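**Student:** If you want the building blocks of each chain, they are given just below.
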Amino acid sequence: MEPTPPDEARDPTLSAEVIPEVSQPPAEIAPEGPKCARCGAALEGPACANCGLPTGVLVLDQMQKYFDVRQRLFRPALHVKAVDGVSLVIQKGETIAIVGESGCGKTTLGRTAIRLLEPTGGGLYYDGRDITHLKMKELLWLRRKSQIVPQDPYASVNPAFTIFKILEEPLLVHHIGAPKERAERVQTALESVQLTPPEIFAHKFPHMLSGGQRQRVAVARSLMLEPELIVADEPVSMLDASVRISILELLKKIQLEYGVSFIYITHDLATARHFSNRVGIMYAGKMVEHGPVGSVLVEPLHPYTQALMDAIPDPDPNNRYRKITSLPGEPPSLVNPPSGCNFHPRCPIAKLGLCDVEVPLLRELRPGHFVACHLAE
Amino acid sequence: MPLLSVKDLVLHYRTRRGSVHAVDGVSFDLERGQTVALVGESGCGKTSTASAILRMLPRNVAKYEGTVELDGKNLMDLDDEEFRQQVRWRAVSIVFQGAMNALSPMIPVGQQVAEPLIVHLGAKREEAAARAEEAIRGVGLPEFTMKRYAHELSGGMKQRVVIAMALVMKPSIVILDEPTSALDVMTQANIMNLLKKLKEEESLSYIFITHDLGLSSELADVVGIMYAGELVEFGPAEMVFPNPQHPYTQLLLHSVPRLRSDEKPDSIPGTTPDLVAPPKGCRFHPRCPYVFDKCKVEGPIFFGEVDRARCWLLEKAG
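Chain order of the listed sequences is A and B. Sequential numbering from 15 applies to the first sequence in this note's numbering. Sequential numbering from 2 applies to the second sequence in this note's numbering.
What the hints contain is simulated information worked out from the structure, not anything from laboratory work. One or more hints might be untrue.
[Stated by the list, open to error] What the simulated footprint calls covered on chain B by chain A, stretch by stretch (three residues with Cβ under 8 Å from a Cβ of chain A suffice, anywhere in the stretch; the number is not a length):
id, region
1, 178–192
2, 208–219
3, 256–262
4, 268–281
[Stated by the list, open to error] When the alpha-carbon atoms are kept at most 16 Å apart in a straight line, the in silico EDC-like pairs for lysine to aspartate or glutamate are as follows:
id, chain 1, residue 1, chain 2, residue 2
5, B, K281, B, D294
6, A, K159, A, E242
7, B, K265, A, E263
8, A, K337, B, E201
9, A, K337, B, E202
10, A, K266, B, D267
If you're wondering where the values come from, they're calculated on a predicted model, not measured in any experiment. Where is the CB? At the ideal position from N, CA and C, for every residue including glycine.
Please construct the entire structure, taking both the sequences and the accompanying hints into account.
**Tutor:** Written out as structure tokens, the structure reads:
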């Protein structure tokens, strides 16, 4: 399994035609004219006229993911409401950042969105197909179209495999290409993540690489099947500051080149501002605010987003004279979330009689900018 | 006279590949009530500098020299036992990176906070407990936290306990080694507020070690930028942040994504050097955009009066 020399790899006649298109979505689910994935009505424009379901590469419709915890035998299980009714639309070629503290459900959201987990309730639609409750066997085509870049590059690559084998594996699993062609695709992927010269990197083992290089391998692996959607789950939080930017620049480049949509899961609002188009802020399993980066992070309307932004300093010598807005207490239990608005026990502007009673719905207060707060204007 | 004065501090580790130049001639002063932030990428020697100041060394030390003066007294003249009795925890204490995970799961946290008093001062159990309680209250925790075990506390509460431990002996200097790196942003904000308040109330001096330039600006009066075992720039926060002198500081500041500006961050080309065989001349020269012949041959000295930087460009500029 020697990787082929670079001049052969660039020969365009060798690729495209040999790849057998395996595991396509069943024909009856993909109709000729666009139809709404939920109600079957003919589609025109950005949303279904009949039931209101928007269209996009990935549509989450009030999606829920609960985990059961059984504390005692013969007692009914309790639910951890990790994701509780999140609606979101991801369009082709855009990056949406999901930001929140640990335990807010952002990773569960990412994993459920590409059906690594099955939603407990609500709907999940991929490119006009309902994938909410499809069985694992029926999801093989989705496994090719969606990929994940995990957080920890030290844990996510097999230490016993060479980089070549790590990158070839997804192709083997999906029965793609002859050995020679697979070698070419590995080489192209290594080049596109700037691990050059690829011949040398292909034969290294993960322990020979630095953290940043390993993360590049993880990115290259996610590209092997030419996916349409990549969930990047904290792809840079384990890396050094200067390497961080280069990995994010790489993801941006890949997006522009291949038109991939990204769900960028992070706790870092500053990188979200520079590397995504839209941003969604999660708190205790719910989306509290989402919209274009230029709107949400310039004029945050939800008190939680405001506090979160205030907690992140830009380098400025005057910072040491300020007191950072702090929220009392800790994020709530997801088993027994507070009544009304999840955030009201910590909210600096909460109104008793309103915020602790009524659950706030997302309202569009600026163009494309939604906020779930009774008091935001 | 500065409270703490570090001169030509050197700490090399012995490894199979040769000696690692983790700290190579670091000098700086810390004034009373001041915070010095040491900032740099991982592996630049900032934590090793802290270990060298507190003389908490691993076994494979190859070279350890220089002077560390506390109130004009050279600590390097003390033997290990004297150092332990007179300096460590009593004059200089430290909050380690991820120290909250080092709390014992078997002992109530209150006893752990009281322990240094019993060990170092020979205090009675009751007296130690009373002072520990005071320290626990001082970091904004309720008294009943004393009787809790580590697993019963959240990450932010554990970090407060660890800060209480560092303060219980009333030292004048506290070294903060990435004190919030394992915490969430909101918890980090609370801890930073606490550190600011304690600094004011107890007139503490901090050495704040972090890789996060933004966070360093929350505490720093003076900023020291470290690269490959050396201090490359050292100056007041008012000068370093808006107008950095060293090319590395400039690039590092430019690589920070800003939350409040549309200016795109840029990555720094190249990688940090191998500290077994650091580059000749200026250690930053292989990555420096302004490199010229002299940089490759001769290690630069500090230039500048108040904001000092180690770069030959500044000699050229005059």
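**Student:** Failing hints, ascending?
**Tutor:** The structure breaks none of the hints.
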